[in-house]
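Enquirer: Residue numbers (my numbering), protein chains in the order written: chain A, 1 to 261; chain B, 1 to 261; chain C, 1 to 261; chain D, 1 to 261.
Please note: incorrect hints may appear among the correct ones.
Which copy is meant is left open, so a pair is good if it fits within one copy or across any two.
What the hints assert, rightly or not - Cut-off 20 angstroms, straight-line C-alpha distance, at most; resulting in silico cross-link-like pairs (EDC-like, lysine to aspartate or glutamate): (1) K151 / E62; (2) K151 / D85; (3) K152 / E62; (4) K11 / E63; (5) K224 / E119; (6) K151 / E63; (7) K42 / E148; (8) K152 / E63; (9) K210 / D110; (10) K234 / D35; (11) K151 / E13; (12) K234 / D161; (13) K234 / E62; (14) K11 / D85; (15) K44 / E63; (16) K152 / D229; (17) K234 / D3; (18) K151 / E239; (19) K11 / E62.
Hint data in this document are derived by calculation from the structure and do not stem from the laboratory.
Read off the chains here:
4 protein chains.
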Amino acid sequence: MEDVVIRTLEKVELRDPILIEGLPGVGNVGKLAADYLREQLKAKPLATIYSKFFPPQVYVSEEGIIRLVSNDLHYWKAPATAPRDILVLGGDYQGISPEGQYELTQRVLDYCHGLGVREVFTLAGFAQGRVVDSPRVLGAATSAGQVEEMKKHGVVFSRNDPGGGLIGASGLFLGLGRLFNMEGVCLMGETSGYFVDPRSAEAVLKVLAKVLRIEIDFTALEAKAHEVDRIAQKIHEAESRSGEATTATPSAPRDDLGYIG
Amino acid sequence: MEDVVIRTLEKVELRDPILIEGLPGVGNVGKLAADYLREQLKAKPLATIYSKFFPPQVYVSEEGIIRLVSNDLHYWKAPATAPRDILVLGGDYQGISPEGQYELTQRVLDYCHGLGVREVFTLAGFAQGRVVDSPRVLGAATSAGQVEEMKKHGVVFSRNDPGGGLIGASGLFLGLGRLFNMEGVCLMGETSGYFVDPRSAEAVLKVLAKVLRIEIDFTALEAKAHEVDRIAQKIHEAESRSGEATTATPSAPRDDLGYIG
Amino acid sequence: MEDVVIRTLEKVELRDPILIEGLPGVGNVGKLAADYLREQLKAKPLATIYSKFFPPQVYVSEEGIIRLVSNDLHYWKAPATAPRDILVLGGDYQGISPEGQYELTQRVLDYCHGLGVREVFTLAGFAQGRVVDSPRVLGAATSAGQVEEMKKHGVVFSRNDPGGGLIGASGLFLGLGRLFNMEGVCLMGETSGYFVDPRSAEAVLKVLAKVLRIEIDFTALEAKAHEVDRIAQKIHEAESRSGEATTATPSAPRDDLGYIG
Amino acid sequence: MEDVVIRTLEKVELRDPILIEGLPGVGNVGKLAADYLREQLKAKPLATIYSKFFPPQVYVSEEGIIRLVSNDLHYWKAPATAPRDILVLGGDYQGISPEGQYELTQRVLDYCHGLGVREVFTLAGFAQGRVVDSPRVLGAATSAGQVEEMKKHGVVFSRNDPGGGLIGASGLFLGLGRLFNMEGVCLMGETSGYFVDPRSAEAVLKVLAKVLRIEIDFTALEAKAHEVDRIAQKIHEAESRSGEATTATPSAPRDDLGYIG
C-alpha cells in the first residue's frame, strides 16, 4: 500500500490558488475555521486523502454507512472579479506519528504544488490556559513581507508567543512549504485550550476574509459559540453548587464539550 | 523481508466468493464466530499470512511443536445449488500498530480481490459495559442498499452506536475495501466486554447464516456458552461469599475467562 | 542505509552447518550458553551484523576503544571425524522493536541459508519466578521427529510450558526458519528470572553437547555460577540482617547481579 | 519524501576536512561547544538537513519568521599555514527514534565522506550526578593511536566511564563512521547533568583547540558560564530560605536553567 493515497475526484484548472489548512488541534480552532469556510464558500470536493498514518478507523453515519477516516481537499472558484481560487484542506485527523506528519504534509504539498499553489495559510488555536473573552489572532510567517502585510490586518506578532515554536500540521505546512518555494502564514486564534472554541475560529476567519477579500456570513458560527457558552455556564453553575470548583476556568478539558463542532 | 508474506497452499477457482473476516477483538466475538463457521463448513486451508506487523512470537502445541503466529484464509466450495463460495479469514492477531493494520488489511484485500472477492462481511463484538442476556446484532455497511438488506435479517442500525466509529480490522476491511470497489457489512454482536462471549458469536452467526443461506449446527457453540456461564456463575458466587462484589457484573475483565474460546 | 548490514569477515565453506542462536534474554541463559560455546570451541569470526533495529549505542572498552553494538556470527570447523560444522550467533541485543525482530531474524536466516544451514538450535531461559536448584531443560521444536530425538537427551516437553508461546529471537528463528525449510529446536533452561544464571546455561549446553556430539569443559562456567551464588548469598544475608527480606528469593531483579556474565 | 533531505547551500572544495559534531544532549555540552566553535571561526553555512526523524515542528523567531527544525553543516577554510579545514555539525535535535538516529547519522556521514572527511570528533557531556567544579574531559576513540594522542592533550580515559557505553549521536557518528573507514574521537565534558553547562563546553573546546591547533577566544563562553552560576546560586539561596533543600546539588533538572545556551 502506498503510505499516502490521494484520490482525485475532479480534474480542475485553478487560478493562482491559495491553500487554506485547518485540521484538528488545540481547541479545534483550525478545523472549525476551515470547515466553516468550506461550507460558506460551498467549496466542491477535489480529492480525498487516505493514509496508514491515520488511525485504522472508520466512522459510521446515522444511517449506518461507514466512511474511512481521511483528509479532504475542496476547491472554490473565485468569481471573475476576484484574483485567486481557494483550496481548503480539512479532515478527521493529523498524522498520528511524527514521521506520518512529515509524509502526509509533504505529499499534500506536492499535490497542491502540482495544482499551482504557491501560498499557504494554516489555521490553528493558541492555548492560553485561561478563559479568553476577546481572542486575538497571533501570527507566524515565512517572510518579513508577509509579517508586515498581516500586521495591517490586525494580526499580532508577539516576541515570546509561541515560545517553543509550532508543533504539528500548522507549522509543518509552512516549514516544508519552504522546500517547495511556497510562502505562508499561520493564523492562531487565542483559546483557553479547555474546549472547542468557535469564537476563536471566528476571529481567525475574520482576518482571513480580509486577507482573501471574501465575504463570510458568521451567523451560524456565532450560534455555535453561544451554544458552547451556554454549556460551559451550566457546568460552571453545577460545579459551584457542588463546591467542586469556584472559578470560571475549568481545571481540565471537558469531554462533554470536546465534540461540539 | 516482505512486510506481509502470503503463502498460497492451494490454487483454487472460486465462484463469486464472499470474504468473512473474524479476528481477535472485543469479547473475541469475531474470532469465535469465524472459527466456528470455518469448522462447521469444514473449510479448507487456502493461504497463510505472516507479517512483521504481528508480534515476534511462536505458539507451542501440547506436543511441543512450534507455529509462527499468523492469519489464515480458508475456503468453502458451495454446493452447485448455492450461489456463492466462502472465504474465511481468521488468525492469532490483528496488526499490532496502526500502520501494520493498514498494510495487512490492504494486502489481504488485494489478494482476495485477485480471487474474485467483491463483498466482505466483518464480524465483531460491541462492548456494552454490562451483562447482555440477549445480544442484539448491530450493523454498519458500505451502502444504503446493504443497510436495508441487513435490516430484513434483524440487524439493528442504531443512530448512536457505534458512536466513535469502528477501530481495527472489522472497520478497516470495509473502509479500505471501498478502494477496491468492494461492498461490505460489519455485524457486531452485543457483549459485556468483560470476557469471551460465545453467545454473542452465535447471534452474529445466526444472522450471517440467514444472509448466506447456509445451515449451521450451533450445538457446540452453545455448549461453550454454557461453560462460560458456569464459570462466570462460580466467580460470582465466590465473590459474593467473600464480600468482594455483590452484583452480577464483574467490575473488570477476568483473566480466567479470557482464554476460553 | 540498509536496515540490516551483514559484513562478512571471512569467506568459508562449511559442511552441513548447524546454527546455534543465543542472544540476551531471560536470565541471559541463551547468551551465556552461546558465548561459552563459542569460547570453548575457539570459533572464529565470520560476520558482523549491524542494524538500525539495535539501539543507537557504542560500547567503550577498558582501553577507551569504541565498538558499535552488533550481533556476530562465529564458525567452528568440525574435525574430519565429526559430521557437522557449527555457526554460533551471539551479540549485544535482540532487535528492539517487533518489526526489527522480524527483519533481523529474516536477514540472518537468509544469510545462513546461503551458507548451507538447514537446522537451527535456539538457546534461552525459561522464567519460573522462583529459585531453581536443578534446572531442567524444556524444549520446543519444529517437528515431531525432533521432539522424540530431544526427549532421548533428557529434554522435557511440558504440556503447559511455555503456555503463551515463545516471544523474541529464540522463537522467531524457528518460526521464520520454517519459511526457509529449516528444522529447529529451542532449548530453554529453567531459571528464576531474577538474575543471570550460568547454572541454567550449563544445563542447556550439556544437552546441546550431547546432541552435537562435542566435548565441553564446564570448569569456567561453573566458577561463574559459584560467583553468582556467592553474591546472591551475601545479598540474602544483608537483607535478612536488615529485616528487609527473609526468604531466599529476592523479590525483584538485582542490578548488581544483572551484568555478571 | 526522502527520509533525510540534505540541501547543499554552497559547493566547496575542502582540504582534508575534519568533522566536528555537537548536537543537543547531556547538559547541552556538545551543542554549546559546537555552536561556540562555529561562531568563533565564523564558519559559513554549507548544508541544511531536514528529516522526518526530527519532530514535526517549526521555530518562530522574535520577528515572527518560521524555520523548520534542522541540523546544519558549516565549514571553515583553514589559513594556508594550517593543515586542515573544519566542518561543524550542529542543530536543533538528534533523531527522535533509534532508527531515525541511525538513518540521520548514516546519511550525514555519507555526505561528509563525499566531501573528503576521514576523521570525526564528537562533543558531548558526561553526567556525573553531582556538581562538577573543574570538569575533566573524558574520551573514547576508534583506535589505540588516537587514545594515546588524546592523552597527550589531557583527555582522561577512565576504565569504568562511560560504563554502559555512549548512546546517541556522539557514539553513533564514531561507530557508524568505522563503516566508512573514518577514525574518530568522542570528547565528553564532565557535568552535573542538572542544567546546561557552558563551563564543561569550554573544557571540551580547550582540548579540541589544542588538537586542531586553532586559537579560540573564550570570553563570551565564560560570561555565559558566570550567568548560569549566578542563576544557580539564586535558586540555591531561595531553596535554602524556604527549607526545601540544603545542599548545593539540586535534586532534579531545573527548567529555568534548561534553555540558557
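Enquirer: For each hint, tell me whether it holds in the structure or not.
Expert: Now the hints, each set against the structure:
no.	hint	verdict
1	K151 / E62	between (44 angstroms within a copy, 14 angstroms between copies)
2	K151 / D85	neither (23 angstroms within a copy, 45 angstroms between copies)
3	K152 / E62	between (45 angstroms within a copy, 18 angstroms between copies)
4	K11 / E63	neither (30 angstroms within a copy, 40 angstroms between copies)
5	K224 / E119	neither (30 angstroms within a copy, 41 angstroms between copies)
6	K151 / E63	between (47 angstroms within a copy, 12 angstroms between copies)
7	K42 / E148	neither (31 angstroms within a copy, 31 angstroms between copies)
8	K152 / E63	between (47 angstroms within a copy, 15 angstroms between copies)
9	K210 / D110	neither (27 angstroms within a copy, 48 angstroms between copies)
10	K234 / D35	neither (27 angstroms within a copy, 50 angstroms between copies)
11	K151 / E13	neither (32 angstroms within a copy, 44 angstroms between copies)
12	K234 / D161	neither (32 angstroms within a copy, 26 angstroms between copies)
13	K234 / E62	neither (28 angstroms within a copy, 40 angstroms between copies)
14	K11 / D85	within (14 angstroms within a copy, 39 angstroms between copies)
15	K44 / E63	neither (23 angstroms within a copy, 37 angstroms between copies)
16	K152 / D229	neither (30 angstroms within a copy, 44 angstroms between copies)
17	K234 / D3	neither (45 angstroms within a copy, 50 angstroms between copies)
18	K151 / E239	neither (41 angstroms within a copy, 43 angstroms between copies)
19	K11 / E62	neither (31 angstroms within a copy, 42 angstroms between copies)
Consistency note: the structure conflicts with the earlier hints numbered 2, 4, 5, 7, 9, 10, 11, 12, 13, 15, 16, 17, 18, 19.
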